[in-house]
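A.B. asks: Residue numbers (our numbering), protein chains in the order written: chain A, 42 to 595; chain B, 566 to 683.
Wrong hints could be hidden among the right ones.
[To be verified] Heads up, incomplete: computed chain B residues facing chain A, CB under 10 Å, no partners named:
id	residue
1	Thr569
2	Ser591
3	Glu630
4	Gln631
No lab work stands behind these hints: they were computed from the structure.
All C-beta atoms, glycine included, are put in the ideal place defined by N, C-alpha and C.
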Amino acid sequence: MRVQAGTDVAAAGWWELGICGHRANSSPPRIETRAYEKEREMAIEQTHRTYEAPGRLGSPVELHDRYENFIGGRWVPPTTHEYRENPTPSTGQPFCEVAHSGAADIELALDAAHAAKESWGHTSPAQRAAVLDAIADAMEESLEMLAVAESYENGKPVRETLAADIPLAIDHFRYFAGAARAEEGRISEIDDQTYAYHFHEPLGVVGQIIPFNFPLLMAAWKIAPALAAGNCTVVKPASPTPWSILKLCEVIGEHIPGGVLNVVNGPGAEIGKALASNKRIAKVAFTGETVTGRLIMTYAAQSLIPSTTELGGKSPNIFFEDVMASDDAFLDKAVEGLVLYAFNKGEVCTCPSRALIAESIYEPFMERCLERIAAIKQGDPLDPETMIGPQVSSAQMEKISGYVQIGREEGAEVLIGGQQPHLGGELEGGYYYEPTVLKGHNSMRVFQEEIFGPVLAVTTFKDEAEALAIANDTMYGLGAGVWTRDGSKAFRMGRAIQAGRVWTNCYHQYPAHAAFGGYKSSGVGRENHRMMLEHYSQTKCLLVSYDPNPMGLF
Amino acid sequence: MTATAEALDLIERLRDKHGPLAFFQSGGCCEGSAPMCLCESDMPPGPGDLLLGEIGGTPFYIDAEQYARWGRPRFLIDVCPGAAESFSLEGLEGMHFLTRTIGGTQVCEIAGSERPRS
């Protein structure tokens, strides 16, 4: 199946694209009867037109002028009395104001979280699961609203948020509702009169710092396991995307006991630090770049608390010769697999930003890929036909532009793109960059540095050994892709690539229940799986003797 | 390892406000190629860090492997309007430092039209 400019998203079947990972084959989606899918389809069918911007007549998103922090189940103005304008990257124009909080607001949020932690920590797994399910149900009812809000603030195409971000976030809460119910302690029989009972206990209050690239989905990845394990959380959203999570709080706030979830917005250097270095948190979780990751881990070390970090990547996407053995659906899927570097405008830690292509098929394979890339429709993210929207900020766009220039100076060949498009009208003020492909070799900076934009670096390899060597010649180890019809080769490569997630004959699927996290400089910890409950729990061991006799030592 | 007059100016102001500082060149993910300006006491350099030099009396570190993979470029640190999106201290002033490569391309050439977020 191909996705081309102007293709009807519903007809194309996003679920078949595997973005959401619910459809592994041609059978009906496992959760087809879910209301949110119907709503999504209806939403897409009804709107071949562009969604109205939040706050405008006909928009599904109600908009206030100003947004406060969400603390203790209430809206609380920042103690600083300061607010900052929040722009949409699609035009560069501000659309609301959001709290510009200080360290004192983090303390308020921690007060609320600590006030709630005893009660929430003793809530039964069934009750916690019911809360997570209620969150999911509320999100489902507001799926379209959340999808439009997320698209407008971040710039990601609404067809992605309708089909991927929000449905995946909903499913994530449901997954951890189930995981919380299924969680068990363990008993070790030391001898027939001595037993070690292992219980999971909540950590208490945790701090979570969310990146700008999937503001709601990454929030769900962090909030769901924390709450499922019985913790209260203080969340600091990314500075470029402070608002959509507040719309989420409007939707789910009434379903969560006050103080269990708190959201505080403000500058990272002040409130991010105030949260991550705070002695009143029992764990810190972060997604972002390497130095802040190290800083977070340093703060955690100083407080003697655990941390989980999900950092950068420069993921290889490897295409072996046999992908072109037949001109069939699999080849089509592989071509799409390469083009997925443009998913979410390349602002993905696992962006398949290095394509390694077997030398023998390079020309014909790239020809097909470039044809597909040329058909990518760029524009207003609220247009359901748009496939790529603006970068999240002008700084990101200019960084991308700078890297492409570096690539040119290093001698990389620009195969397509390589500039900012002129989209006309108010979009001229937005932060757009054309999907770009650079041909070069792996020692170039554009193959080594994470650009975090729609820029693909392409090179070739002669054999499996060289493909593996190039794949692993990077500081990072978050994701990788392997495309081949040879199952044994796929398995060998998958095991040998130093990365936490190796997509095999697929890419960019993020279903709950598949562990996600990095090797090497890409972070510590595994999200998206029930093992995350361990990252949010203490282990209590009761070592019990049923022997009435003394040990006899004294 | 050099810095523009504007960057040196800001470094001095930040030092007056926060005390001794240290720069760490970041990599990867959202704020990837940004130089991070931190309080020196917040994060001691590790065994893998390379001291590239000083700007305005402030040490500038980069991960040694990262520096090698970047081709050992010479850096010029500049500053532009628009708050840093990370923990970097200049974000509090509505500014962000950026790393330019001397004799090559600017890693982050920020347009003059950048609208301050603050």
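A.B. asks: For each hint, tell me whether it holds in the structure or not.
C.D. replies: Hint check results:
1. Interface restraint check for threonine 569 (chain B): the shortest CB-CB distance to chain A comes to about 16 Å, outside 10 Å, so the restraint is violated.
2. About 4 Å separates the beta-carbon of serine 591 (chain B) from the nearest beta-carbon of chain A, less than 10 Å, and the hint is met.
3. The closest approach between the C-beta of glutamate 630 (chain B) and any C-beta of chain A is roughly 6 Å, which is under the 10 Å cut-off, so the hint is satisfied.
4. Hint status for glutamine 631 (chain B) relative to chain A: holds, with the closest Cβ pair at about 6 Å, below 10 Å.
Checked against the numbered hints listed earlier, the structure breaks hint 1 alone; every other hint is satisfied.
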